[in-house]
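Just so you know, the sequences run in chain order Y and D. In terms of the numbering used here, the first sequence is residues 1 to 309. In terms of the numbering used here, the second sequence is residues 310 to 753.
Be aware that one or more of the hints could be misleading.
Said to hold, decoys possible - Dumping the calculated DSS-like pairs for lysine-lysine here, alpha-carbon to alpha-carbon at most 27 Å:
1) Y:Lys81 with Y:Lys217
2) Y:Lys71 with Y:Lys81
3) Y:Lys154 with Y:Lys217
4) Y:Lys54 with Y:Lys15
5) D:Lys681 with D:Lys499
6) D:Lys729 with Y:Lys246
7) Y:Lys246 with Y:Lys71
8) D:Lys468 with D:Lys447
9) D:Lys447 with Y:Lys81
10) D:Lys468 with Y:Lys154
11) D:Lys681 with D:Lys447
12) D:Lys729 with Y:Lys77
Said to hold, decoys possible - Chain D is nowhere near these chain Y residues, computed Cβ spacing over 12 Å in every case:
13) Ile57
14) Glu143
15) Ser144
16) Leu193
17) Ile248
18) Val306
The hints are simulated quantities; they were obtained by calculation from the structure and are not laboratory data. Just so you know, even glycine gets a beta-carbon here, dropped at the ideal spot from N, CA and C.
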Amino acid sequence: MAKTVVLRKKKRTFKSWLNEESTAGYIFSLPFIIGFLMFMVVPMGLSLYYSFCKYDIQNAPTWVGLDNYIKIFTNDKTFSKALGVTCYFALVGTPLKVIFALIVALILNHESRAVGFYRAVYYLPSIIGGSVAVAILWRRLFESNGTLNAILSKVFPGMAGFNWFGEGPAIWVLIILTVWQFGSSMLIFLSALKQIPRELYEAADVDGAVPFQQFWKVTLPLLTPTIFFNLVQQTINSFLAFTQSKLITNGAPRNSTLFYTVYQYNKAFPNQGKSQMGYASALAWIMLVIVTVVTALLFKSRSKWVYDG
Amino acid sequence: MKKFVALFLALALALSLTLASAELNVGTYDPATAGDVQLGFGWWGNQVRDEVTKAVADFFTENYPNVTFNLNTQVWDNYWALMNTYSANNDLPDIMQQDYAFIEQWVAAGDLLDLTPYVESGALDLSGVPQNIIDTGKVGDGLYAICAGVNAPALLYNKTLTDELGITVPEINLTWDEFEEISRKIYAEKGIGVVFGQGNSENPLTYYARSLGYTALWNAEGVVPTAEEMAGYYADLMADVAEGWMFNTDQIANVNVVDLAQNPLVYGTTNDVRTWCAFAFSNQIAAFQKAATADGIELGITSWAAQNPTAANYMKPGQFFSITTDTKNPDLAVAFLNYLINDVQANVILRAERGVPANSEVAAAIADEVNKLDPTYGIAVDYLALVENNSSPIFPPLPSYAGTANNDVIQRLSDEALLKNPQITAEEAGQDFVDSVNEIAADY
Numbered sequence: 001m002a003k004t005v006v007l008r009k010k011k012r013t014f015k016s017w018l019n020e021e022s023t024a025g026y027i028f029s030l031p032f033i034i035g036f037l038m039f040m041v042v043p044m045g046l047s048l049y050y051s052f053c054k055y056d057i058q059n060a061p062t063w064v065g066l067d068n069y070i071k072i073f074t075n076d077k078t079f080s081k082a083l084g085v086t087c088y089f090a091l092v093g094t095p096l097k098v099i100f101a102l103i104v105a106l107i108l109n110h111e112s113r114a115v116g117f118y119r120a121v122y123y124l125p126s127i128i129g130g131s132v133a134v135a136i137l138w139r140r141l142f143e144s145n146g147t148l149n150a151i152l153s154k155v156f157p158g159m160a161g162f163n164w165f166g167e168g169p170a171i172w173v174l175i176i177l178t179v180w181q182f183g184s185s186m187l188i189f190l191s192a193l194k195q196i197p198r199e200l201y202e203a204a205d206v207d208g209a210v211p212f213q214q215f216w217k218v219t220l221p222l223l224t225p226t227i228f229f230n231l232v233q234q235t236i237n238s239f240l241a242f243t244q245s246k247l248i249t250n251g252a253p254r255n256s257t258l259f260y261t262v263y264q265y266n267k268a269f270p271n272q273g274k275s276q277m278g279y280a281s282a283l284a285w286i287m288l289v290i291v292t293v294v295t296a297l298l299f300k301s302r303s304k305w306v307y308d309g
Numbered sequence: 310m311k312k313f314v315a316l317f318l319a320l321a322l323a324l325s326l327t328l329a330s331a332e333l334n335v336g337t338y339d340p341a342t343a344g345d346v347q348l349g350f351g352w353w354g355n356q357v358r359d360e361v362t363k364a365v366a367d368f369f370t371e372n373y374p375n376v377t378f379n380l381n382t383q384v385w386d387n388y389w390a391l392m393n394t395y396s397a398n399n400d401l402p403d404i405m406q407q408d409y410a411f412i413e414q415w416v417a418a419g420d421l422l423d424l425t426p427y428v429e430s431g432a433l434d435l436s437g438v439p440q441n442i443i444d445t446g447k448v449g450d451g452l453y454a455i456c457a458g459v460n461a462p463a464l465l466y467n468k469t470l471t472d473e474l475g476i477t478v479p480e481i482n483l484t485w486d487e488f489e490e491i492s493r494k495i496y497a498e499k500g501i502g503v504v505f506g507q508g509n510s511e512n513p514l515t516y517y518a519r520s521l522g523y524t525a526l527w528n529a530e531g532v533v534p535t536a537e538e539m540a541g542y543y544a545d546l547m548a549d550v551a552e553g554w555m556f557n558t559d560q561i562a563n564v565n566v567v568d569l570a571q572n573p574l575v576y577g578t579t580n581d582v583r584t585w586c587a588f589a590f591s592n593q594i595a596a597f598q599k600a601a602t603a604d605g606i607e608l609g610i611t612s613w614a615a616q617n618p619t620a621a622n623y624m625k626p627g628q629f630f631s632i633t634t635d636t637k638n639p640d641l642a643v644a645f646l647n648y649l650i651n652d653v654q655a656n657v658i659l660r661a662e663r664g665v666p667a668n669s670e671v672a673a674a675i676a677d678e679v680n681k682l683d684p685t686y687g688i689a690v691d692y693l694a695l696v697e698n699n700s701s702p703i704f705p706p707l708p709s710y711a712g713t714a715n716n717d718v719i720q721r722l723s724d725e726a727l728l729k730n731p732q733i734t735a736e737e738a739g740q741d742f743v744d745s746v747n748e749i750a751a752d753y
C-alpha cells in the first residue's frame, strides 16, 4: 500500500512529461496547429475585419461599416454576373464530371491487366490540374483553327473556324476542362465498386436481372453514398475554382467566364490602380456563406436519395 | 561566318566597354564604399527590355563587384499587382519603374522617395535633362521620378502587308477617316482586320478627348468632356465593328495584347485574329520588330488615328525610374539611377529601348552605336522628331483613381461597344462612362 503512494508522489520530470502519450500527440499535431492558426484562423479573422473597411494595402484600413456589403448587393453588376457564371459552372459542370467519372469507373471495373494502365492514364489529367501548361494547351486546342475544330469539322463541316472563345461557348471550354479532370472522383468510385458484395449480383443473376437492371437496382443504390461524397466535394471545388478562368480566359469575353474567385482576385490585386482589399474580403465572406448554404442543402437532400444500408 | 562576325562585334563592344569603363557616371557617391549590398530593381517590360536591363545591371556589378542586383521583371498586367503587395510589406525594390499614369497614386501612398535633396547635393545630375522633361516627374513640390526615355503614341503597322497591297500610310497625322479607309481595303483584300487592343486603357480615350480640343480626359473631379462627346468615341468603334474589319469582343477574347510577342500584330495562326496595326508607343517598335522578324514582317510607324491628330498627339516620358522609400541604401540607389540616366555606356547597353534618353547629350552620344545594334532606333527617333512638330503639350498626370476606372469602367464599356450586336447605344455608353467614372472619382 505504502509503495503505491510513493509511486504516485514520484516527481514529474520534464523527461516523463515528454514520454506521456498526449505530449507526443500534441507535438506531432503542432505543425498542423501552427499552420491552421497562421494560415487559416488569423487571415480569416483579418479578412472579416477588412470586409468592414476600405483598405488598399498601401495605406492603413479605415472602418466603413457595412458599406462594402451594401455596395456589393445594390450597385455591382459584375458581382451578380460573376456569381451567375460560377453557379452555372458549378451546377452544370459538377454533375457532368461526376457522371463521367462514374461511367469511366464502370468501364474500368474489370479484372484485366490493362486496367491498371488505363486507370493511371485517366487519372493523369487530375494531377496536372490547373497548371499554366494545361491552360496554354487548352487555348491551342480550342483555337478557331485548333485541333478540336480540325477533328469536328471532318464530321460537322459547319464547325470549321468555330469560335469557342466567344460569349456562350467560352464557359463550355472551362466546363469541358473540369470534366476532363475527373480522375480523383473516378478512383473513389472504383474503390466503392469493389466493395459491393458479389452475392448481390449473384442473387440478381438468379432472379434473372439483365445487366442494366443489375446496375439500376444494385450498383447505383449502393453507390449513392459515394456519389453524394463526390458531389459535395466537387461542388465545393467548383465554387472555389480559380485557375481555369484566370489562366485560360481571364473572364473574357464580357465577363462571361469570370469566376467569382477571379473577380475577387481582380479586386484584391488589380492590374492597375489601388487594391480594393476590403471589398474583396467582403466578397470572400459572401462566398463562404453561399458555399455553406449549398453544402447544407446537399446534406439536407441526403435522406431523400442516399441509401445508407 | 555571319555568326563569327556577330561574335567578334559583341566581343569588340564588350572589350571597348570594359576598357572605357574606368569611370562610370555615378554622381558624387562612390558605390565602392557601400559594402556588399544587393539592390532591388523592378520593371515591367518585354524580352528586349529584360535583356538590356539585365546587361546594364551586370555592367554596373562588373565595375563595382560589391554591388549585386535582385532583378524583377513582369509584364504590365502583373507588375502593378505585384508591386502593390510588395508595397504592403514595405518590401519594394530599391528602384522601380514607374509610369506617368499612376505616379500620383504611388506618391500619395508614400512609397516614392523625394529626389530633390539629391539633385541639390549633386548626387543626381540632371543638368543634361530638359526642364520640361524633369517636370513630368514632379508631384507637388517633390521630384519623385526621373524619365527613363521619351516616347510618343505610335501606330505600329505591318509595312510588308501595306507595301504588298500598294497602300501608302502617312508618316504622321493619320486621320480617323484615312485609318478606316486603309483598314477597309486591307480587310477586303486579305481578311486581316484591326484588333483594337486597348480595352482596359485610358490612352485611346485621352487621345480622343484631346482630338476634340481638351487637354485631358479627366481630372480629380471626373470626366472633362460631356457624355454626348464621349458617345462619339463609342459610336466610331460600333460603326467599325459593324463593317467587320474591327474585330468584335468575341473574336478577340482569346487574344493577348499585353505580351508583345503574342500580340496579334506579330503573332497568330489565322487572319481573323491578326491585326494590321497596333496602338502602341514609339519605343515598343524595338520589341515588336524583334517578334515580327521571325514572320518576315517589317513594321512601319505612324501616329494614332484621330480626327485632329496634331491636337491629340503628344510626347511622353515613356517610363520613369523611381527610388522607393523601402530602400536601405538611398545613396547607392541614387548613384545607380545617375548611372542609368547619365552614363553613355549604360545607355548604349540599354539601346534606348525605353525611349530616347531624357539626357539630350547622352541621346546624341549613343545614336550611332545604338543604330548599329538596333536599326529600329533610327525609325523611332525620326518619328519622334515628326511628333515634336505635330503635337500638343502632354496632359497632366492622371488622377489617382485612373487605374480603377480603367479596370472597372473602360474595360467593361469597350467590351460592350465592340460587341457584334451591341446591347447599348453609343449615347448610353457615353453617359455610362461619364457617370461611372465620376462616381469612382467621388468615392476615392
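How the hints compare with the structure:
A threshold of 27 Å between alpha carbons decides the hint, and for Y:Lys81 with Y:Lys217 the separation of about 41 Å lies outside it, so the pair is violated. Under the criterion of a C-alpha separation no larger than 27 Å, the hint pairing Y:Lys71 with Y:Lys81 is consistent with the structure, at around 15 Å. A threshold of 27 Å between alpha carbons decides the hint, and for Y:Lys154 with Y:Lys217 the separation of about 40 Å lies outside it, so the pair is violated. Only pairs whose Cα atoms come within 27 Å are accepted, and Y:Lys54 paired with Y:Lys15 is rejected, the gap being roughly 52 Å.
The suggested pairing of D:Lys681 with D:Lys499 is violated, with an alpha-carbon distance near 34 Å, which exceeds 27 Å. A threshold of 27 Å between alpha carbons decides the hint, and for D:Lys729 with Y:Lys246 the separation of about 24 Å falls inside it, so the pair holds. For the hint pairing Y:Lys246 with Y:Lys71, the CA-to-CA distance comes to about 24 Å; that is within 27 Å, so the pair holds. The straight-line distance between the Cα atoms of D:Lys468 and D:Lys447 is roughly 38 Å, outside the 27 Å bound, and the hint therefore fails.
With a C-alpha separation of about 41 Å, the suggested pair D:Lys447 and Y:Lys81 falls outside the 27 Å cut-off, and the hint is violated. The suggested pairing of D:Lys468 with Y:Lys154 is violated, with an alpha-carbon distance near 37 Å, which exceeds 27 Å. Of the supplied pair hints, the one linking D:Lys681 and D:Lys447 is violated, its CA atoms being roughly 35 Å apart against a limit of 27 Å. The hinted pair formed by D:Lys729 and Y:Lys77 meets the criterion: a straight-line CA distance of about 21 Å does not exceed 27 Å.
The claim that Y:Ile57 is not at the interface with chain D is violated, since a C-beta of that chain comes within 12 Å of its own (minimum 4 Å). Some Cβ of chain D comes within 12 Å of the Cβ of Y:Glu143; the nearest lies about 7 Å off, and the non-interface call is violated. Taking the minimum C-beta to C-beta distance to chain D, about 6 Å, the non-interface status of Y:Ser144 is violated against the 12 Å cut. Residue placement check: Y:Leu193 keeps its beta carbon more than 12 Å from all beta carbons of chain D (closest about 40 Å).
Non-interface call for Y:Ile248 relative to chain D: violated, since the shortest CB-CB distance, roughly 9 Å, does not exceed 12 Å. Non-interface status of Y:Val306 relative to chain D is upheld: no Cβ of that chain comes within 12 Å, the nearest being about 41 Å off.
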